[in-house]
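K.L.:
Sequence:
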Amino acid sequence: MLAAMPQPPSAASRDEPVMRERGDACPGALRLHAADDGLLARVRIPGGLLTVEQATVLGLAADRFGDGHLELTSRGNVQLRGLTEDCGAGLAKLLTAAGLLPAPTHERVRNIVATPVSGLFDDGRPDVTPWVGELDRLLCASTRAAALSGRFLFALDDGRGDVAALDPDVTALALPAGRALIRLGAAEGALEVAAADAPRAALLAAEYFLDTADSAGTRAWRVAELPDRHGLRADELGRRLAAAGIDATPVSDVRWPYAPPPRPWGTGAGDLTPLCVLPPLGRIDSGQWKLLVQVASRGRGGLRITPWRTVILPMASTRRPINGADRIESAGLVIRADDPWQSVTACTGRPGCAKSLADVRADARAVVAGSTGALPVHWSGCERRCGHPRGTAWVDLVATGDAYALSVHGRDPVPADREGLAAALKAARDSGDGESGDNVGTTSTSTSPPQ
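Heads up: the sequence shown at position 276 corresponds to 275 in numbering that gives the first Met the number 0, and the numbers run straight through without jumps.
Hints are computed from structural coordinates only; laboratory data are not their basis.
Check the hints yourself; a few may be wrong.
[Claimed, not checked] DEER-style ranges, computed between Cβ atoms:
| # | residue 1 | residue 2 | range |
| --- | --- | --- | --- |
| 1 | V253 | R228 | 47 to 53 Å |
| 2 | G177 | A145 | 45 to 51 Å |
| 3 | G286 | A361 | 16 to 22 Å |
| 4 | P249 | A24 | 23 to 29 Å |
| 5 | A24 | S329 | 16 to 22 Å |
| 6 | S214 | T248 | 25 to 31 Å |
| 7 | C25 | T83 | 45 to 51 Å |
| 8 | D122 | A402 | 42 to 48 Å |
| 9 | T142 | R232 | 39 to 45 Å |
| 10 | A33 | A365 | 41 to 47 Å |
| 11 | D122 | R410 | 35 to 41 Å |
| 12 | D210 | D35 | 27 to 33 Å |
Note that this is a predicted model, so its numbers are computed, not measured.
Glycine residues also receive a C-beta, built at the ideal position from the N, C-alpha and C atoms.
Given the sequences, and given the hints that come with them, work out the whole structure.
P.N.:
Laid out in structure tokens, this is it:
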């Protein structure tokens with residue numbers, strides 16, 4: 000059914016079954032998180048899809064209530080930092096008016112990632128972006144779904160295998176001829192359904208997880224946390240789908256495809272072209288953000304936030320005097336695949352996080368030009384490794400105080416002091432033995448624009 004593709008190496012071992020002793024404290028736009036630099040709001044952007052009007056409001060919120068910056072997360076969401084204690088009501092009113100908070104009771108469970116280039120190129124793949132709105136509508140209408148944790152993740156993949164590799168709890172993978180696969184966690188098999196039924200089947204799969212988690216009594220947040228004896232079963236999901244009027248066919252062994260994340264690009268054919276923009280370390284100031292919104296508004300379509308902390312403008316004008324690509328690059332944003340910031344990510348670090356042992360962003364900037372390599376790298380201020388990559392091999396840098404522990408996708412860490420950090424990091428990034436996310440199991444569809 001699907002072409003055989005090598006699987007990408009896992010970014011981290013799957014969670015062992017756990018007993019949760021307290022509720023999920025994942026931040027949202029209404030439940031703000033207290034950080035060292037002020038309150039933090041996380042605004043869910045299902046599928047990363049933003050209209051120009053919604054993007055404008057996010058920039059306004061960053062200036063009016065926060066520190067004037069927006070942070071892109073590893074689930075294609077947007078964070079606002081440095082918020083004041085009295086901003087809650089004003090922020091909620093602003094976001095609600097823009098359609099960014101359609102259901103306050105469900106705002107933290109709207110965790111949906113989708114193939115960010117779906118429908119942009121004439122590559123013969125189905126366009127899954129309509130699934131995003133449908134699944135979001137069903138989620139917000141489901142009283143049961145409000146019990147999902149803020150960590151539960153849906154992935155809507157157009158068949159190339161990019162977001163399906165992000166350890167989602169429920170995956171809907173598009174197939175040719177109007178069909179789709181529904182996968183539970185990391186199961187080898189799946190259920191085949193009509194593509195039109197995929198969003199409703201994904202919701203039913205999530206509700207099945209909630210029922211199972213209640214039976215297990217562990218207060219699990221994610222599918223991988225369920226004890227083995229309470230694992231989700233394809234036949235039981237099939238029964239639930241049938242009861243809901245959805246025909247489902249079991250597929251016992253699926254060769255799941257894999258595609259690497261889209262690299263930044265700023266060139267294409269014609270006066271209107273898609274652009275993929277990388278803000279270094281996923282942080283963008285409101286001026287840069289307003290520029291992206293302006294360029295998007297003079298082309299066609301809105302903006303798409305990807306789980307790899309890039310922003311895709313589906314159609315941007317490259318006509319003079321607008322020439323969006325030139326203006327974006329001049330503003331300090333990356334649109335070249337060979338830029339040193341490509342595949343470099345970091346957690347918040349000092350001074351924003353009290354748990355961090357280093358200002359990881361400053362350390363990353365100090366060595367970025369001299370530490371390029373094939374593998375992605377993630378800088379972490381502590382052992383929690385917040386925001387680390389998924390679906391690919393990567394170099395792990397964890398602050399230890401006056402130095403870092405450096406390891407390559409699962410190998411034993413070695414100490415690296417700041418004096419020789421650039422050279423050590425470059426050697427590690429070049430030691431992946433061809434296992435980087437740029438060449439593992441790639442599909443035939445390019446993640447750069449057609450020339």
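K.L.:
For every hint, state whether the structure bears it out.
P.N.:
Against the structure, the hints come out as follows:
no., hint, result
1, V253 x R228: 47 to 53 Å, "violated (24 Å)"
2, G177 x A145: 45 to 51 Å, "violated (31 Å)"
3, G286 x A361: 16 to 22 Å, "holds (21 Å)"
4, P249 x A24: 23 to 29 Å, "violated (37 Å)"
5, A24 x S329: 16 to 22 Å, "violated (41 Å)"
6, S214 x T248: 25 to 31 Å, "holds (26 Å)"
7, C25 x T83: 45 to 51 Å, "violated (21 Å)"
8, D122 x A402: 42 to 48 Å, "holds (46 Å)"
9, T142 x R232: 39 to 45 Å, "violated (24 Å)"
10, A33 x A365: 41 to 47 Å, "violated (29 Å)"
11, D122 x R410: 35 to 41 Å, "holds (36 Å)"
12, D210 x D35: 27 to 33 Å, "violated (39 Å)"
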